[in-house]
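**Q** Listed below, chain by chain, are the residues.
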Amino acid sequence: MTVARALLSVVLALAGLLLARPAVAHQATIAVLEFREMRAGVYIGRWTTLPKDGANRIDLRMPPHCLLRLPELNCGDKGLVGQMTIANLGEDMSAAIIRVTSLAGETRSYTISAANPVVTVLGTDAPTLDTWIELAKTYVNLGIDHILLGADHLLFVLGLIWIVQGGWRLLKTITAFTIGHSVSLAVTAFGLIGVPEAPLNACIGLSIVFVGVEIVKQQRGEIGLTAKYPWAVAFGFGLVHGIGFASALAGLGLERRILPAALLFFNVGVEIGQILFVTLVLALIWAHRRLGAELPRWGAELPAYAIGSVSMFWFLSRLVRVLAAA
Amino acid sequence: MSARLRTAALTALVLLAQSQIADAHIVNARLGDFYAGALHPLLTLQDMLVLVALGVLAGSLGAASGRWLVVVFPLGLCAGLGLAVAASIAPVPPVVDAATILLLGLLLAASLRIPVALLCAIAFALGMMRGAANAGELVPQTDRLLYAAGLACAGYVTITLVMAVALTFRRPDTEPVSSWRGIALRAIGGWVAAVGLMMAGLSFAT
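Taken in order, these protein sequences are the chains called A and B. Once you know that position 264 of the first sequence is 264 in the numbering used here, the rest is easy, because the numbers rise by one and skip nothing. Just add 326 to wherever you are in the second sequence, counting from 1, and you've got the numbering used here.
Hint data in this document are derived by calculation from the structure and do not stem from the laboratory. Remember, it's a predicted structure, so these values are computed and weren't measured experimentally. Backbone N, C-alpha and C fix where the C-beta goes; we use that ideal spot for every residue, glycine too. Any given hint might turn out to be false.
Simulated DEER-style distance windows between Cβ atoms [stated by the list, open to error]:
id, chain 1, residue 1, chain 2, residue 2, range
1, A, 83, B, 412, 38 to 48 Å
2, B, 365, A, 165, 23 to 33 Å
3, B, 415, A, 42, 19 to 29 Å
A short list of chain B residues far from chain A (calculated; beta carbon distances all over 12 Å) [unchecked claim]:
id, residue
4, 444
5, 485
6, 501
7, 502
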């Protein structure tokens, strides 16, 4: 049983350690592109503020059903609905403002920047069934991606599974974690609270350190807080991780009227990913029990140390960032 | 602070001292290559046939034999991938792939009692072959370490689960080879061998 956890811990830990990339600074220039709807679904666009290195170098990506040949943008019957992005943002331009004026004369502005790389445009009659389907596909996938790529979240869940050991207690604990991160995700996405990303990520690292220490305590025969009240710990740290999940939505420039639905679908995606991970871990624990493949006594504590060391590494590296920014 | 916590903190500090600048959040970094490495063997027929056949073979031999493959097979995958990258070794021809699948199928169908050391040697060799075959997907931009981690992880998860399922189904400690469960697994071996034979024929034809 411990081998499964150990290998998963090591893989997640290695993945986390190997991912560091230096930040790249870029010039701060802003371009403005205006689209005016001339007839249903057909727009004429022009740069009112040209990008620094000329408009031709900008890799503007419109929704797949739209054909962009500036000055014309033809989106057919569906209209200009979907996601817009600039693929090479940051090379010569730090942000772009896209203004869209509909036939009715209503103008909407969308800002694409490094912090907000994709914007979602809704039709004037939205939300339609197509919008819902598109939203569900986009945000469920985004949620799954976010949890499966979030090695820190997975390591925390792995720590919980380790301490709680399965059964109804595990179900309650994972449910408490889910409720916790769902609440804080919603509260943060609606702008009711705002937490700076750098210290938050340090706290997420610290939450895994806590779980690592709790595992060591349990192995020494002590009853830690997590072993006593796993659901409370899961709920508490779930709140912290949920704010982290919200950062994935924050960069998408969602219109407020679709935010609740996007949030719901994103959360569904996170839950699907989490259930997949928990199921896989439980299946591996079962398989190791069947095969009698367990770590020798001298290596029993290795996984706890792996979790503790990696999470401490994350915590310290993120703390350094916080202090450097201060 | 306890001694163990201090050890963990020290280890983290050592890692920190040797690292580049870390991303604020892991999701911002490249984990795509990890999943590329993990998914590639799961979506390739040759890889899946080897994984399933080897897992069923090891599981049918009992837990004492099979448990070694939990470590040996992923190590073989990494060794094969590493060797292919370092020495630019080309993957084995399709006919050799087909022959190994045929051989695995025959071993399973014959229900031979394979010694643990031989089973480990076979698993390591197969792991190396499949690892080298998966190196073909690497491009200069691929993070090789992440890709190898994903590949090893997929190999470990699949072989462990298949062995456990086969062991649970076969019950080698309580039921003889001639039981219907043993015959069913031998039949699977026959199918695997047949697929290997067809693949060999196809490789000659093309």
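**Q** So, for every hint listed, does it hold in this structure?
**A** Right, here's what the structure says about each hint:
Look at residue 83 of chain A against residue 412 of chain B: about 42 Å separates their beta carbons, and that is inside 38 to 48 Å. Taken as a hint, the range 23 to 33 Å holds for the pair residue 365 of chain B and residue 165 of chain A, whose Cβ atoms sit roughly 30 Å apart. In this structure, residue 415 of chain B and residue 42 of chain A break the distance hint of 19 to 29 Å, their C-beta atoms being roughly 56 Å apart. No beta-carbon of chain A is positioned within 12 Å of the beta-carbon of residue 444 of chain B; the least distance is around 19 Å.
With a minimum CB-CB distance of about 10 Å to chain A, residue 485 of chain B fails to clear the 12 Å threshold, and the non-interface call is violated. Listed as outside the interface, residue 501 of chain B is consistent with that label: its C-beta sits roughly 16 Å from the nearest C-beta of chain A, beyond the 12 Å cut-off. The Cβ of residue 502 of chain B lies farther than 12 Å from every Cβ of chain A, with a closest approach of about 20 Å, so its non-interface assignment holds.
Consistency with the previously given hints fails for numbers 3 and 5, ordered from lowest to highest.
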